[in-house]
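Chain by chain, the residues run as shown.
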Amino acid sequence: MSYQRTTQFSSRRASNWSRNQNTTRFTSNVKLGPVTHTVLVALMITVLGLIYLTQATRATSYDYQAQEIDTKIADLSTRQADLEIENARLTALENVKNSSVAKSMTKPASTNYVSE
Amino acid sequence: MQLDLAKGSRPRTLAILVLIIMAVFVVRLFYLQIIRNDFYMSAAKQEQQRQFVLPAARGEIYAMDAGKPVKIVMNETVYTVFADPKIIKESQPVIDVIQRIAGGNARANLDKLLAKKESRYQILATKVSLKQAEMIKDENLSGVGFQRETQRVYPEGQLAAQALGFVDFEKKGQYGIEGAQNERLTGKDGLLQTVADVRDVPLTIGKDNIHTPADNGDNIVMTIDRNIQSHAESALAEGMKRSGATNGSVMVMDPQTGKVLAMANLPTYDPSKYGQVLDAAAFNNATISAPFEPGSDIKTLTLAIGLDKGVVEPDSTYNNTDFIKVEDRTISNATKGQTGTITYQRALNYSLNTGFVTIAQKLGNGSSITRGARDTMYDYFHNKFGLGVLTDIELAGEAQGTIVPPTDQDGGAVRYSNMSFGQGMDVTMVQVCAAFSTIINGGTYYSPTIVEGVMSDDGSKIEVAPAKESRQNVISSSASDKVRAMIHEARSTFYSSNDTAGYYTGGKTGTSQTLRDGKYIDSETVGTYLGFGGNDSSSGGPKYVIMVQVSGKNMNLTGSVDALPIFTDISNWTLDYMKLQPKG
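One line per chain: the protein sequences are A and B, in this order.
Numbered according to the numbering used here, the first sequence spans residues 1 to 116.
Numbered according to the numbering used here, the second sequence spans residues 1001 to 1584.
Treat the hints as calculated values from the structure; they're not laboratory data.
Each statement offered as a hint is correct.
In the EDC-like style, the derived pairs of lysine to aspartate or glutamate whose C-alpha atoms are separated by at most 20 Å in a straight line are:
| id | chain 1 | residue 1 | chain 2 | residue 2 |
| --- | --- | --- | --- | --- |
| 1 | B | K1068 | A | E84 |
| 2 | B | K1543 | B | D1576 |
| 3 | A | K107 | B | D1576 |
| 4 | B | K1131 | A | E86 |
| 5 | B | K1461 | A | E84 |
| 6 | A | K97 | B | D1569 |
| 7 | B | K1553 | B | D1279 |
If you want the footprint, here are the derived chain B segments under chain A, 3+ residues with CB under 8 Å:
| id | region |
| --- | --- |
| 8 | 1008-1022 |
| 9 | 1149-1158 |
| 10 | 1201-1207 |
| 11 | 1223-1237 |
The model shown is predicted, which means the values in this text are computed figures rather than measured ones.
Ideal Cβ placement from N, Cα and C applies to all residues, glycine included.
Throw the hints in and build the complete structure from the sequences for me.
Now the structure itself:
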């Protein structure tokens, strides 16, 4: 069996620390009373409630954005329809017939037909 | 940590207090959420939920323009400008702005309207365009609001008014295609049921939301070609001006498909101003809704029957004495002098009634119009050619007309002798055009149609309408060839100089007496002309059928003088428009 050294050193204590983890007992100097606990629980509930409210409001804010976009689409569609109508009016036969271009046209003296 | 819950201690008191409060909450919530659940749920729904109607857009209407569809009826968004007089403190600036921008669309007496402070809603202007509405909005007038609505617009003005019809103030289609296809054009409104905020903005929260999108109306593409329609209308107007006729109609049909290319009626109206029409008769499309006695145009059909049944040939002859007796009646020719043994071609050229009565007789025993002859004529006229039968063209107000059957006590030999030259029957122009198309196209009857198909919402493609009923071999193709040649000859004999050279046209004049109080009167006649044009059968056959009708109260109008020039005008123009190549 060959033996290879690792490049990284790890102490024996570190690799086996689980064996020694309870060797020292930590005692906090800060002591929380029952009132503080109740207040803390209440605060936690409040925070959770706020988180819920923020999420719900965020969904609603998307609705407003969607509404704005819908309104914009409707406005643009109206504008497009308006332009189409304007175009249709300008290219209406009566307008074309009465245009200066049409009025200056003359009948051809002779017509030659080319077979397609 | 150890809770100190010793009797009388603060934590114990607090715990008890919290427990009591919690218990109160639990009991109250149980009552509200469980016991009173239904009540509060419905109250909340009522408060928060809104139902919005998603209006379906009325379908637009297209016509053809040399094979390409173009919109001729569109939807325009317009605004009604209203005010809350209670909010408006100074009326004059509002009046100035409305009058300056809305112009003719502003209501009169704006000052009086705005002075009604007890009212919360006064209309200041109607049918204001988007541009005008935006200009008014830019003025930031407090107490002024806008209501959006749509209205029909007709960029081509009066073009094809009777074929189109109009949409009334209740948004319901009346007359024409608007009336007949109202349901298809209207579509189906959608529904949005959702929780909404105080400004009625729909929100996605809630579980009972319903969103059924609106089903917009069909965008119908008509077979009418706007250029042919426009020329037909102007040619009719000019022709009526020449003759002094007060009423006139023109129909142009593709004989190879039954598609209507134009239907013009005068007097006409502007569909966008239908409310200003004084005589509602202008709304009627006479080409489909006014049955009349077409007169000698029908001789072409009688001839086709004779040729199809083999009782006459183009060079067959009969003895013309300028009158013929049928039972106790004597029927005379309008044109006299072509007496002796003459061909049926000559009878057609000179429109001799006697010739066509003899064809009816030949369908019987040769000397009288027997029941068998009448049955044959009825079968052709009514069952095969569709005279006196609704064509089911997709327009409102089609009239059926009448072909009296031989079984009727009025369906005797005298009536059928009259029917052989187009009297004693009530038919519409569309029926006659469809029947005439049948006899010149090789013998196929195509049900007349005015709907090409439905345009997709983005205007990119047409879903072609399913083909309507057609009947093949109504007459044999050889009979059709013969009758077409005879009709061509009838026109060429007298009127070929009017036609553009190199094309194959044919037609027949018609002048019919009118019935008043059940009696024919001579002081009023209706002039008609029925013909076709295009190439001969070796180059594709006829491309169009045109029927012209002109009339006027107490006016003697004739087919040859008053209707024929209108046909010639439209025919020559259509030959150029269709880019048909002349022969020779």
